[in-house]
Amino acid sequence: MSSAAGIAPFSEDHAESIRMVRDSAAGIADGAARARALRFTMPGFSAETWRQMGELGWIGLAVPEAAGGSGLGQAEMCALSEELGRALAPEPLINAALSAALLAEAGETAVLAKLLAGEAVVLTAWQDRANTLSPCIAADATRRFIAMGAGATHFLMPVGDGLQLVEASACEVTHEATHDGGHLTTLRAPAGIPVGQAALAPALDRAALATAAYLLGGMEAGFAMTLDYLQTRQQFGKIIGTFQALQHKAADTKMHIALTRAAVEQAAAALDAGVAGDEAAALVSRAKARASEAAMLVGQACVQLSGGIGYTDQYDVGLYLRKAMVLAPMFGGAALHRARFMALSPETEDA
Amino acid sequence: MNAIVGVEPENLDLLDDETFRSVVRRWIESAYPAELRNPPKRLHWEENRPWYFKLAEKGWLCPGWPREFGGLGLGPAKQIIFTEELERHGCARCNDHGIIMLGPLVIKYGTDAQKADFLPKILSGEHIWCQGYSEPNSGSDLASLRTSAVLDGDDYVVNGQKIWTTLAQDANWIFLLVRTDATAKKQEGISFLLVDMNTPGITVRPIINLEMHDEFCEVFFDNVRVPRANLVGQLNKGWDMAKALLSFERIYLGSPRQSAYALTRLKQLAERMGVWEDPTFAATYARHRCDLEDLKALYSRYVEVLKRGQPLGADVSQLKIIQSELFQRITETMLEVAGESAGLMEPMEGNRNLNPAGQYIQARPATIYGGTNEIQRNIISKNVLALP
Chain A
4 MSSAAGIAPF
14 SEDHAESIRM
24 VRDSAAGIAD
34 GAARARALRF
44 TMPGFSAETW
54 RQMGELGWIG
64 LAVPEAAGGS
74 GLGQAEMCAL
84 SEELGRALAP
94 EPLINAALSA
104 ALLAEAGETA
114 VLAKLLAGEA
124 VVLTAWQDRA
134 NTLSPCIAAD
144 ATRRFIAMGA
154 GATHFLMPVG
164 DGLQLVEASA
174 CEVTHEATHD
184 GGHLTTLRAP
194 AGIPVGQAAL
204 APALDRAALA
214 TAAYLLGGME
224 AGFAMTLDYL
234 QTRQQFGKII
244 GTFQALQHKA
254 ADTKMHIALT
264 RAAVEQAAAA
274 LDAGVAGDEA
284 AALVSRAKAR
294 ASEAAMLVGQ
304 ACVQLSGGIG
314 YTDQYDVGLY
324 LRKAMVLAPM
334 FGGAALHRAR
344 FMALSPETED
354 A
Chain B
24 MNAIVGVEPE
34 NLDLLDDETF
44 RSVVRRWIES
54 AYPAELRNPP
64 KRLHWEENRP
74 WYFKLAEKGW
84 LCPGWPREFG
94 GLGLGPAKQI
104 IFTEELERHG
114 CARCNDHGII
124 MLGPLVIKYG
134 TDAQKADFLP
144 KILSGEHIWC
154 QGYSEPNSGS
164 DLASLRTSAV
174 LDGDDYVVNG
184 QKIWTTLAQD
194 ANWIFLLVRT
204 DATAKKQEGI
214 SFLLVDMNTP
224 GITVRPIINL
234 EMHDEFCEVF
244 FDNVRVPRAN
254 LVGQLNKGWD
264 MAKALLSFER
274 IYLGSPRQSA
284 YALTRLKQLA
294 ERMGVWEDPT
304 FAATYARHRC
314 DLEDLKALYS
324 RYVEVLKRGQ
334 PLGADVSQLK
344 IIQSELFQRI
354 TETMLEVAGE
364 SAGLMEPMEG
374 NRNLNPAGQY
384 IQARPATIYG
394 GTNEIQRNII
404 SKNVLALP
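Order-wise, the sequence lines are chains A and B. Read in order, the letters of the first sequence correspond to residues 4 to 354 in our numbering. Read in order, the letters of the second sequence correspond to residues 24 to 411 in our numbering.
Not one of these hints is a red herring.
Simulated coverage check for chain B against chain A, where a stretch passes if three residues somewhere in it have a Cβ under 8 Å from a Cβ of chain A:
| # | region |
| --- | --- |
| 1 | 305-313 |
| 2 | 340-354 |
Derived DSS-like pairs (lysine-lysine); straight-line CA-CA distance at most 27 Å:
| # | chain 1 | residue 1 | chain 2 | residue 2 |
| --- | --- | --- | --- | --- |
| 3 | B | Lys260 | B | Lys405 |
| 4 | B | Lys319 | B | Lys330 |
| 5 | B | Lys144 | B | Lys131 |
| 6 | B | Lys319 | A | Lys252 |
| 7 | B | Lys64 | B | Lys290 |
| 8 | B | Lys144 | B | Lys260 |
| 9 | B | Lys405 | A | Lys241 |
| 10 | B | Lys266 | B | Lys405 |
| 11 | B | Lys405 | B | Lys319 |
| 12 | B | Lys405 | A | Lys252 |
| 13 | B | Lys266 | B | Lys330 |
| 14 | A | Lys241 | B | Lys208 |
Simulated from the structure, these hints should not be mistaken for lab results. C-beta atoms are modelled at their ideal positions from N, C-alpha and C, and glycine is treated no differently.
Let's have the full structure, built from the sequences with the hints guiding it.
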């Protein structure tokens with residue numbers, strides 16, 4: 004496989020459940036054609052697929068079993084996100100999984116049960132400005148950059164030192180179309196119902212890491228498609244993959260993907276091993292910084308290597324780049340996460 | 024040269040990894056000559072022989088060799104820990120071609136007589152080996168090599184030239200890849216030959232590199248007579264034998280240590296030059312630091328392959344590329360930060376840690392040796408990505 008990069012740092016148990024998650028994802032996430040058909044529609048994703056995701060236990064994949072979830076770890080969540088990224092799945096699973104984790108921690112049960120079953124879509128509206136990792140906790144704030152917010156049944160908002168739930172129908176929302184065929188929602192919500200407290204920072208970090216994994220999956224798929232093209236397209240009477248300039252660009256692309264996989268899987272394994280606090284946040288920041296930057300570089304390279312056809316909307320390779328444009332900055336872009344990594348991670352070098 | 028009687032090594036392979044690491048670390052810290060830590064240049068035999076003999080006396084010279092041949096018999100995981108600890112302490116590389124390259128090859132392919140003759144002399148420091156592979160017209164395309172060995176009675180007669188032979192002036196033996204069948208396909212006419220450097224007809228000429236250091240040499244062979252018994256393995260099978268040893272080298276070339284060391288020096292330089300708090304520098308430094316940590320994460324995945332006793336795939340080439348290019352980028356930042364001191368021949372203010380030009384120059388060959396990065400990219404394209 005093109006992503007060959009040694010052995011992942013997972014225990015045998017995790018490796019086995021990761022295989023199961025990947026297998027189950029293969030059944031539902033049937034490639035870019037489904038994603039293409041849903042582009043620029045409202046709400047931009049499939050209610051039927053959302054229910055299936057609930058039935059498969061994906062929305063609560065990392066929610067403890069006691070709270071109705073599947074009780075799996077971050078390694079599995081990343082594997083699932085990677086498969087969703089491969090298929091460009093438009094369903095807002097990562098944000099909803101964040102909501103599920105927060106609701107479970109806060110002790111809320113009624114809306115959580117519906118969310119886990121795929122009967123509700125609860126999206127966390129944590130952000131009031133661009134380029135931040137700090138949640139907005141003001142009661143009357145305008146909340147922004149909620150991907151696929153048109154499909155939400157509820158919004159979950161940090162307010163003060165707690166969480167509040169509001170029904171989407173009670174809110175004032177506007178939607179702006181994004182290049183991946185989805186949209187970003189701006190929200191003005193009335194006072195919500197307090198539902199308890201949860202630690203936001205580690206939950207947001209898990210969403211950032213899952214987003215990195217989603218980007219990784221997109222890189223893999225776009226690159227696989229590009230390799231196929233290099234192996235078949237002919238010019239000057241030769242397969243273009245025989246040209247060294249293209250070969251070396253492909254090799255560089257592969258290395259971006261390998262570094263992303265190493266960083267993402269290292270962070271996931273560490274979180275599952277109980278690493279917490281600054282150390283965990285630093286690992287997540289490194290992984291998200293790498294994934295955000297690599298996804299753009301890989302997306303650009305794939306378009307370039309595909310030549311003119313890569314610039315057409317009908318050819319799927321562009322879908323991965325346009326998805327990367329939207330997701331690279333989500334839950335913090337590369338520069339933001341690199342700066343946080345430096346702030347959190349003391350130098351240990353002893354040479 | 025002093026001959027050392029090999030000391031029976033304790034069976035370190037029975038220790039758990041972390042205990043082993045601390046045993047190795049403690050001993051290195053107590054035994055390694057302080058003045059040889061992090062040498063700015065590759066050391067000559069005269070400089071590093073005390074360390075060679077310390078390792079030999081301890082019985083730790085050849086960690087990868089089986090115990091029956093005087094090695095430590097360490098498995099792959101412990102060999103890596105051993106190397107990591109040497110690198111961590113900033114130990115100089117020994118004249119180690121006999122230890123790393125020739126020994127394992129003789130153990131695998133040599134006759135009993137060759138094992139009995141050559142292995143103890145590596146352990147005792149009596150034979151210091153160098154490696155004669157590259158030639159003036161056979162660098163990246165090594166298999167095109169033309170130095171010939173023609174049988175004449177019981178001797179091979181060797182004619183030709185080797186180049187980039189590391190520390191040949193320190194060595195008294197050289198192992199060669201030689202052409203023994205000029206008519207066969209290029210990889211299939213190559214044999215592996217052991218040659219005493221004191222044989223008449225051999226000339227060694229050091230090459231001064233950009234560091235102004237004579238690390239590499241040219242070695243000329245003019246009708247050099249080599250006993251037939253010095254052929255290792257089968258005639259015309261030398262290429263495959265040499266290649267089998269190289270995959271281990273590729274993970275060492277990808278070790279993050281060089282970049283880690285350079286990054287620490289960059290930090291010291293930035294503090295000295297007053298730019299450590301500068302936001303532009305901070306952004307560049309953060310990038311290097313993330314690149315290094317991600318390289319470490321990737322490297323450890325390949326270490327895991329070795330620990331499980333599995334073969335390294337062709338994709339390990341990417342480690343070497345990522346490591347060497349990061350090393351170069353870090354040293355390029357050093358030059359930017361150093362300002363007018365960027366061209367100084369000697370370390371700034373006599374402080375060996377502030378040596379931007381030296382580090383920059385040292386980083387240049389990292390993308391050339393061990394297979395250029397362009398060749399490594401060819402390998403990835405063809406053998407990993409399956410491009411035609």
